[in-house]
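Enquirer: Those sequence lines, one after another, are chains V and L.
So the first sequence is numbered by our numbering: it starts at 1 and just counts up by one.
So the second sequence is numbered by our numbering: it starts at 1 and just counts up by one.
Hints may be right or wrong, so weigh each one.
Pairs count within a copy or across copies, as identical chains cannot be separated in the list.
Heads up, simulated BS3-like pairs for lysine-lysine below, C-alpha to C-alpha not over 30 Å straight-line [as the list claims (entries may be wrong)]:
no.: 1; residue 1: K116; residue 2: K239
no.: 2; residue 1: K57; residue 2: K119
no.: 3; residue 1: K162; residue 2: K117
no.: 4; residue 1: K199; residue 2: K119
no.: 5; residue 1: K57; residue 2: K310
no.: 6; residue 1: K117; residue 2: K40
no.: 7; residue 1: K343; residue 2: K40
no.: 8; residue 1: K81; residue 2: K314
no.: 9; residue 1: K40; residue 2: K116
no.: 10; residue 1: K310; residue 2: K40
no.: 11; residue 1: K239; residue 2: K355
no.: 12; residue 1: K199; residue 2: K356
no.: 13; residue 1: K242; residue 2: K57
Because the hints were derived from the structure by calculation, they are not lab data.
2 protein chains.
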Amino acid sequence: MLDPVSWITENGQIVREYTKEIDTCQGKLRLIDQTLLPEKLVYVELDETEAIFDAIKRLVVRGAPAIGCAAAVGVAAVVRKSASQDAAVLRQLAITTADRLAESRPTAVNLFWALKKIKDAVSGIDNAAELRSTLLQTALNILDEDIAMCRAIGSFGAELLKDDMTVLTHCNAGALATGDYGTALSPVYVASENGMNIKVYSDETRPLLQGSRLTAWELNEAGVDVTTICDNMTAQVMKEGKVDMVIVGADRIAANGDAANKIGTYGVAILAEYHNIPFYVAAPYSTFDLSLESGDEIPIEQRDGDEVRKGCGKLTAPEEVNVYNPAFDVTPNELIAGIITEKGIIRAPFEENIKKILG
Amino acid sequence: MLDPVSWITENGQIVREYTKEIDTCQGKLRLIDQTLLPEKLVYVELDETEAIFDAIKRLVVRGAPAIGCAAAVGVAAVVRKSASQDAAVLRQLAITTADRLAESRPTAVNLFWALKKIKDAVSGIDNAAELRSTLLQTALNILDEDIAMCRAIGSFGAELLKDDMTVLTHCNAGALATGDYGTALSPVYVASENGMNIKVYSDETRPLLQGSRLTAWELNEAGVDVTTICDNMTAQVMKEGKVDMVIVGADRIAANGDAANKIGTYGVAILAEYHNIPFYVAAPYSTFDLSLESGDEIPIEQRDGDEVRKGCGKLTAPEEVNVYNPAFDVTPNELIAGIITEKGIIRAPFEENIKKILG
Chain V
1 MLDPVSWITE
11 NGQIVREYTK
21 EIDTCQGKLR
31 LIDQTLLPEK
41 LVYVELDETE
51 AIFDAIKRLV
61 VRGAPAIGCA
71 AAVGVAAVVR
81 KSASQDAAVL
91 RQLAITTADR
101 LAESRPTAVN
111 LFWALKKIKD
121 AVSGIDNAAE
131 LRSTLLQTAL
141 NILDEDIAMC
151 RAIGSFGAEL
161 LKDDMTVLTH
171 CNAGALATGD
181 YGTALSPVYV
191 ASENGMNIKV
201 YSDETRPLLQ
211 GSRLTAWELN
221 EAGVDVTTIC
231 DNMTAQVMKE
241 GKVDMVIVGA
251 DRIAANGDAA
261 NKIGTYGVAI
271 LAEYHNIPFY
281 VAAPYSTFDL
291 SLESGDEIPI
301 EQRDGDEVRK
311 GCGKLTAPEE
321 VNVYNPAFDV
331 TPNELIAGII
341 TEKGIIRAPF
351 EENIKKILG
Chain L
1 MLDPVSWITE
11 NGQIVREYTK
21 EIDTCQGKLR
31 LIDQTLLPEK
41 LVYVELDETE
51 AIFDAIKRLV
61 VRGAPAIGCA
71 AAVGVAAVVR
81 KSASQDAAVL
91 RQLAITTADR
101 LAESRPTAVN
111 LFWALKKIKD
121 AVSGIDNAAE
131 LRSTLLQTAL
141 NILDEDIAMC
151 RAIGSFGAEL
161 LKDDMTVLTH
171 CNAGALATGD
181 YGTALSPVYV
191 ASENGMNIKV
201 YSDETRPLLQ
211 GSRLTAWELN
221 EAGVDVTTIC
231 DNMTAQVMKE
241 GKVDMVIVGA
251 DRIAANGDAA
261 NKIGTYGVAI
271 LAEYHNIPFY
281 VAAPYSTFDL
291 SLESGDEIPI
301 EQRDGDEVRK
311 GCGKLTAPEE
321 VNVYNPAFDV
331 TPNELIAGII
341 TEKGIIRAPF
351 EENIKKILG
C-alpha cells in the first residue's frame, strides 16, 4: 500500500507502527507530495515546524484523517530533532508546534483532535528521553488507529461487494486521504485483496480534480481497474448499466444521516436513485456530528471562483465572469442506502440506528 | 451579434446573405476559432477541404447548426477556389468535398442535411459560373435560414420566460453554435431584447468546457448576467432554488422526442425532474431524424481520452489510466417538458405532436 503519511528513520526505514527499536534513532515525518500527482510521485521528509505547517496548508497532505496523522507525527519529528535534554523545554516545543500546526487548516476537526492527543500525552513527563518516546508512540498510535479504522470500514464494506462488481466514487476518500486504505475506497481494496475482481469509475471531481488526479492514480498504482470520467458522464455510465454501487466519503454527517461531502456528491446520489443503484457513504464515527439535527445545519464553504476559472493551468472561463463555487453539498438521508463505519453499516431509520451504533 | 460563420470576400467584406455583387469576387469561409476562446477572439479564413475538415473535427467550429452552415459555405469556398471552367469537374469537386466533410463529425445530423442540400443544388448544372453562383447562394441561404430559425426559436421560447427568471443551460447552444442567436440561448437573447431581466447559469461542460469558455463568454459579451458553475454543482444550485428553467440544445432528436445532446445533458434532465424544474430542448426541425424510432438508435460518438487527461493544459489524470469519454448522451422524452422549434413548442405526446408539426 501507499504510505501517504509515515515516519522515516535516519537509516531510511519506513515506519507506521511504534517499536522500541526505532526509538533509538532519529527520524522525520514522511509525506507524499499530493500537489505533484499524478505527474510525479515525490516523498518529502520534514522535521521543521514551518515546513510541516506549509505542507498541510498547501495540501501536500490532504484528507481529514491524513492531516491529523501528519500533524501528530510532525510534532514528534520536531521535538526529536531538538538537541535539548530538558523535558520542560521539549514539552514547551511540543505545545508551541502543535498550536502552530492547528492554525494550518482551521476547519479540519481531525487535526485538532490529533493535536490535543499529542499535547495531553506530554503533560507531566519530566524525563526528556521518555518525552521523546511518548510523543513518537502517541503519534504512531494515531496513525495506527487510523489504519485500523480504514481496514474495519473496508471489511464491513467489502461484504456488500461481489466478484466482478463495479463501484463508482466521487472525489478522493482513498489511501491518500487517510493513513492507509481510505474510507470509500477501502471496501474496494479489501475486496480486491480477497481475490475479487472489482472495477471502479472515478468522477474527476471539478474544480480540483481529486478524482482524476488522486483516486485514479492511487487505484492504478494498486493495480485496481479504474476508469476516469468527467462529472457530467456519471448519468450516462449508470444508464449503460456499468455501475453496481456508489461509495463516497463524507466530511460531516448529521444526527439524521444527512451527509456533507465534496460538491457533486448530492447529484451523484440523485442519479444513483434514478437508476436504482445503491448509494453508500463510508466514514469513521469521528465524522458524525450529533449536535446537528439535519444536514440543513451544515454550513457550505464557498471557495474562490478562480479555482474554476484558472484551476487547470489555463483560463477556462472569461476572467470577468461570475463563478459560483460551493465546496460541499449535503446528501439527504433518503438517498443513502447505508453508512459504512468502522463499527458496522448503519441503515435507515438513520436517526435511531446512528444513536444505537454510536451510543 | 457575433459572426461565428460567414463568407468573407477578397475585399474583406463580411457576408451572411447572398447578393449578386459578391458573386463577382473570390471569397472564403470565415470562422471564429472557438478553441482559442475565451482567451483570444481569432477569426480564421478557409478555402481548402482538409483545412475545413480539420476545423470541424478540432471543434474550431462546433454546434450542430453552425457545423452545417460552415460545411455548406466551406464547399462553396473550395469550389470557388478551383481554376477549372468545367462544370462537371466543379460538380465532382463539390460532391467529393461534401462527402469528405460529412466524415468529420458522426452525430451532427445538420451536417448531413446541409451537405445533401449542397449536393442536390449542383446536380444538373452544366455551366461553371452558374454552378459557382448556385453553390454560394445555396450555402448562404442555409446560413440565412439558420439565422431566421434562431430568431423564431427565440420568439417561441421567450414566451416561456418571465422577468427575473433564471435559466440553466449546458454546453453551448448559443450564437457560437449557430449562425446567430443560437437555439437554447435564443429565448434568453430575445427576452433580454424585450427588456426582461433574465439570468443564466452555465454548466462548464467538461471535458471541452464549452459552457464556461463559450456560453459564459458570449452571454457576457452580450451583457447578459451569467454565472459559471462546474457540472457537478448543478444539483446544488437547483436545490438552492436558483434555477427556474433548463434550456439546452440538441444534436439529434428521434421521432419519439428522445434528444441527443452534449454529454451531461441527460444528467441535468434527471436533476431538473428531481427538483421539479421544467426541462426544455431548443432545436430546429432539421435536428429531427424521423427515421429513428427512439433515442436508442442514436449512435454516441466516443472521443479520445486525452481530452479528459490533458484537455485543460496540464495533466489532470495519470497518462496511463483508462478514460471513458462519450461526447453525447440521450435524454428520454419523459424528462422533457417541451421542444422549442422554429415552428412552435412541441409537447407530449411527442411522437404524435412531432409528426403533426413537422408533417
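Enquirer: Could you work out which of the previously given hints the structure breaks and list their numbers from low to high?
Expert: Hints 1, 3, 4, 6, 7, 8, 9, 12 are the ones this structure does not satisfy, whereas the remaining hints hold.
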